[in-house]
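Residue numbers (numbering that gives the first Met the number 0), protein chains in the order written: chain A, 0 to 272; chain B, 0 to 269; chain C, 0 to 264.
Worth flagging that the hints you see were computed from the coordinates, not collected in a lab.
Each hint can be trusted.
Some chain A residues flagged as far from chain C (calculated, every beta-carbon gap over 10 Å):
(1) Val106
(2) Leu173
(3) Lys174
(4) Thr254
Here are the simulated DSS-like pairs of lysine-lysine, each with C-alpha atoms no more than 25 Å apart in a straight line:
(5) Lys73(A) <-> Lys177(C)
(6) Lys8(A) <-> Lys177(C)
(7) Lys57(A) <-> Lys177(C)
Just a few of them, taken from the derived set where beta-carbon distance is under 7 Å, the chain B residues facing chain A:
(8) Arg170
(9) Ile261
(10) Cys268
Glycine included, every Cβ here is placed at the ideal spot set by N, Cα and C.
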Amino acid sequence: MSLIAEGLKFDYPLRASTSLPALDAVSFSLEPGELVIVVGATGSGKSTLLRLCAGLLKPDSGSVLVDGGPVDAKGIVGIVFQNPETQFFAESVHADVAFGPRNLGLVGVDTAVDDSLSAVGLDPVAFGPRSPFTLSGGEARRVAIAGILAMRTPYLLLDEPTAGLDPLGRNAVLKALGQARQRAGVLVVTHDAGEFLGAADRIIALSEGRIAFSGKVSELLDDSLPWEHAGLALPPIVSVQLAARDRGLSVGRVTLDPVTAARSLVRAAGERT
Amino acid sequence: MIQFSDVEFFYQEMPRPAVSGVSFDVSPGEIVALVGANGSGKSTIARLCNGLLEPCRGRVTVDGIDTCESSETFMVRSRVGLVLQNPENQIVGTVVEEDVAFGPENLGIAPSEIRQRVDEAISSVGLVGLERREPHLLSEGQKQRLAVAGVLALRPTYLVFDEPTAMLDPRGRGEIRAIITTLRAEGRGILYITHHLEEVMHMTRVIGLEHGRIVFDGSPEQLLGSPELLDRLGLEPSPLSVMAAELRRLGYQVPVAVSDGIVLVDAVCR
Amino acid sequence: MRIPTTFGQYVEGSSPVHKLDAKAKMGLVVAVTVALFSVNRFAGLAVLAVFVAGSVTLSRVPWGYALRGIRAVSFILLVTLLVHALRWNPVGPVLVHIGPLAIDADGLKTGLFFALRIMLLVIGTSLLTLTTTPLQLTDALERLMRPLSRVGFPAGDVAMMLSVALRFIPTTAEEADKIIVAQSARGARFDEGGLLRRARAYVPVLVPLFVNLFRRAEDLATAMESRCYHGGEGRTRLSESHMCTHDWTVLGCGVAALLALAVWM
Numbered sequence: 000m001s002l003i004a005e006g007l008k009f010d011y012p013l014r015a016s017t018s019l020p021a022l023d024a025v026s027f028s029l030e031p032g033e034l035v036i037v038v039g040a041t042g043s044g045k046s047t048l049l050r051l052c053a054g055l056l057k058p059d060s061g062s063v064l065v066d067g068g069p070v071d072a073k074g075i076v077g078i079v080f081q082n083p084e085t086q087f088f089a090e091s092v093h094a095d096v097a098f099g100p101r102n103l104g105l106v107g108v109d110t111a112v113d114d115s116l117s118a119v120g121l122d123p124v125a126f127g128p129r130s131p132f133t134l135s136g137g138e139a140r141r142v143a144i145a146g147i148l149a150m151r152t153p154y155l156l157l158d159e160p161t162a163g164l165d166p167l168g169r170n171a172v173l174k175a176l177g178q179a180r181q182r183a184g185v186l187v188v189t190h191d192a193g194e195f196l197g198a199a200d201r202i203i204a205l206s207e208g209r210i211a212f213s214g215k216v217s218e219l220l221d222d223s224l225p226w227e228h229a230g231l232a233l234p235p236i237v238s239v240q241l242a243a244r245d246r247g248l249s250v251g252r253v254t255l256d257p258v259t260a261a262r263s264l265v266r267a268a269g270e271r272t
Numbered sequence: 000m001i002q003f004s005d006v007e008f009f010y011q012e013m014p015r016p017a018v019s020g021v022s023f024d025v026s027p028g029e030i031v032a033l034v035g036a037n038g039s040g041k042s043t044i045a046r047l048c049n050g051l052l053e054p055c056r057g058r059v060t061v062d063g064i065d066t067c068e069s070s071e072t073f074m075v076r077s078r079v080g081l082v083l084q085n086p087e088n089q090i091v092g093t094v095v096e097e098d099v100a101f102g103p104e105n106l107g108i109a110p111s112e113i114r115q116r117v118d119e120a121i122s123s124v125g126l127v128g129l130e131r132r133e134p135h136l137l138s139e140g141q142k143q144r145l146a147v148a149g150v151l152a153l154r155p156t157y158l159v160f161d162e163p164t165a166m167l168d169p170r171g172r173g174e175i176r177a178i179i180t181t182l183r184a185e186g187r188g189i190l191y192i193t194h195h196l197e198e199v200m201h202m203t204r205v206i207g208l209e210h211g212r213i214v215f216d217g218s219p220e221q222l223l224g225s226p227e228l229l230d231r232l233g234l235e236p237s238p239l240s241v242m243a244a245e246l247r248r249l250g251y252q253v254p255v256a257v258s259d260g261i262v263l264v265d266a267v268c269r
Numbered sequence: 000m001r002i003p004t005t006f007g008q009y010v011e012g013s014s015p016v017h018k019l020d021a022k023a024k025m026g027l028v029v030a031v032t033v034a035l036f037s038v039n040r041f042a043g044l045a046v047l048a049v050f051v052a053g054s055v056t057l058s059r060v061p062w063g064y065a066l067r068g069i070r071a072v073s074f075i076l077l078v079t080l081l082v083h084a085l086r087w088n089p090v091g092p093v094l095v096h097i098g099p100l101a102i103d104a105d106g107l108k109t110g111l112f113f114a115l116r117i118m119l120l121v122i123g124t125s126l127l128t129l130t131t132t133p134l135q136l137t138d139a140l141e142r143l144m145r146p147l148s149r150v151g152f153p154a155g156d157v158a159m160m161l162s163v164a165l166r167f168i169p170t171t172a173e174e175a176d177k178i179i180v181a182q183s184a185r186g187a188r189f190d191e192g193g194l195l196r197r198a199r200a201y202v203p204v205l206v207p208l209f210v211n212l213f214r215r216a217e218d219l220a221t222a223m224e225s226r227c228y229h230g231g232e233g234r235t236r237l238s239e240s241h242m243c244t245h246d247w248t249v250l251g252c253g254v255a256a257l258l259a260l261a262v263w264m
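Using the sequences and the hints, build the whole thing.
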């Protein structure tokens, strides 16, 4: 089962005959079990891509299909928008999280709810009965994400899921996504490549509506050129290692772990002398 | 200077104080970071700075004026500008220049002077040309700059920012940080609440709050040197900082506050 | 992505109508309304139609915009026409039968008269909002309400309320849109079932909207107080428009002519 986007083109209609080009010739695929991040500057088309993948927008040309079928069929794609905690409405956390699965007619809704709350690091017994309006920022964000996880969709799309959260909240969300990717294909749109690179399998970089580069994260940390051309900044931890390489130090594989990076830097410097 | 003297504040119906025993000051030309985990009392302190909240115990004074002095409320609020986290919810006017004019209008200032202040403020935040734009057509960064302009129109000596970049994208964050650098260069005193450690590094001083009490008041370098303290204050060092700390541990001369990784390469190559 | 329109759909321009003080325009709209409901001859309506059409032309607003309001009330127009045109016992030549009722020439004339009256009223008031910014409108309302503050009516506060409401209409519309999309993505359906079921389907939209509204109100109040807001009294304005000689003249002549028309026809 794969989600395949092919040749997506989309323009936002404005007044009369003018339109705002958003995406052009974008193709990629997503499989359950992988976490793919989409990066790009504001206006590069990231959010548009997400909406197309969720079936909320119809492309001007090209298609998004899951196993050859339409992507907007119920229960295929779960989408978490920016600041999803502003959409709470139920009296209890449990009821709010149950909304999605109930609408889908899933069996075992209560179990799905409890499992999702646990997946985001919240105890279902303690948090289930609470009012969603009394939660802290990080807790609220996690409950909102749980609300989509509970729908057990094979594909999960998230738009800036960690925006505005403090470090504690961010780590909790990252952990939840790591868990979710075990049985779903997860696509995360983010401004901050550095935050998700450690967790991601693949990365797609958009620039002005087109794919600037895409591929396995492990292969794209070795060269700063594609990033520069796309107008994106490499995470500082990576550019430091690349800069060392430019200086003639053989630092080996670029790593995202700071302690390892420090030690390999020291070792390379030692080797040179 | 804004001065807090042994301030304690309880919200109604709460058994524990939101802040207690808080004493510190902010002088013109300083930019002081206020950090702490969620619920540590940062927003309470922000609202105590301009008299929106009055201390239950202790005193808050602005250039010697007590914030509880009701006859001086407007003086205090003109001297201490407050910028909040959500740009949208600070904008009152139907077009940009009307919103910037809001503050001076409230003080009954003459229209010709309002015009001057509005133009000044709009120019300081780089929104020239957008005077008659409706707020909902602005980007998030522009909206937050508008909020700052609205506060600047009152010509404050001090500015308190409550996580002003939390809801902005990287471009918006850059815009706001640039403005703050300018404001500091103009000699204003700034209290800046954040949980982004990289913002803290360039500030004069850092005050750390934990459960409403000050547990740290010192330089950013001192703070960065204590991982345990960072954790208590809900701050996370960047991967680059962790790398720098490891190099230090291995005996290399590396500054505590690292913004450009090249410094680390230099240190290792020496 | 819908682009929300502002209240009244102000169309930017610099025509004489745009430049006329909002208070004068409001006065003229009142006079036109009085005249419309006082004339009882087609001739009178014709004169008013010329006046309204002339104003639209003078404003240089595209006729498409001016007539947009008609579409919104088209149902009311049809009902008005039929209510007056349909007769149980037709008098004179019958034009068409509709079941047990019939429309005769006289009924048609009456129906058209009333429908035309509504049409002119709609175009006239549309012209007001098309040529006046929301800010100018609320400022004018405030100025007109000011005398009432002497009897304790909080004119300044009401004006501030109106202005804040206008400011947040597009924002709230965008928010409602976002919430509907988000809840739809969670499987909510808004077009199934009977009236009661559909009404209940909107709970997941209305509750967040209201919660956000209250949070917004609190934030906004904090921001306003921090910027020294202390009620509507004692505030100066960045730009206040005053009635000049030209405005008074236009208002005076207009009202005089319209009232004369009202009395005569």
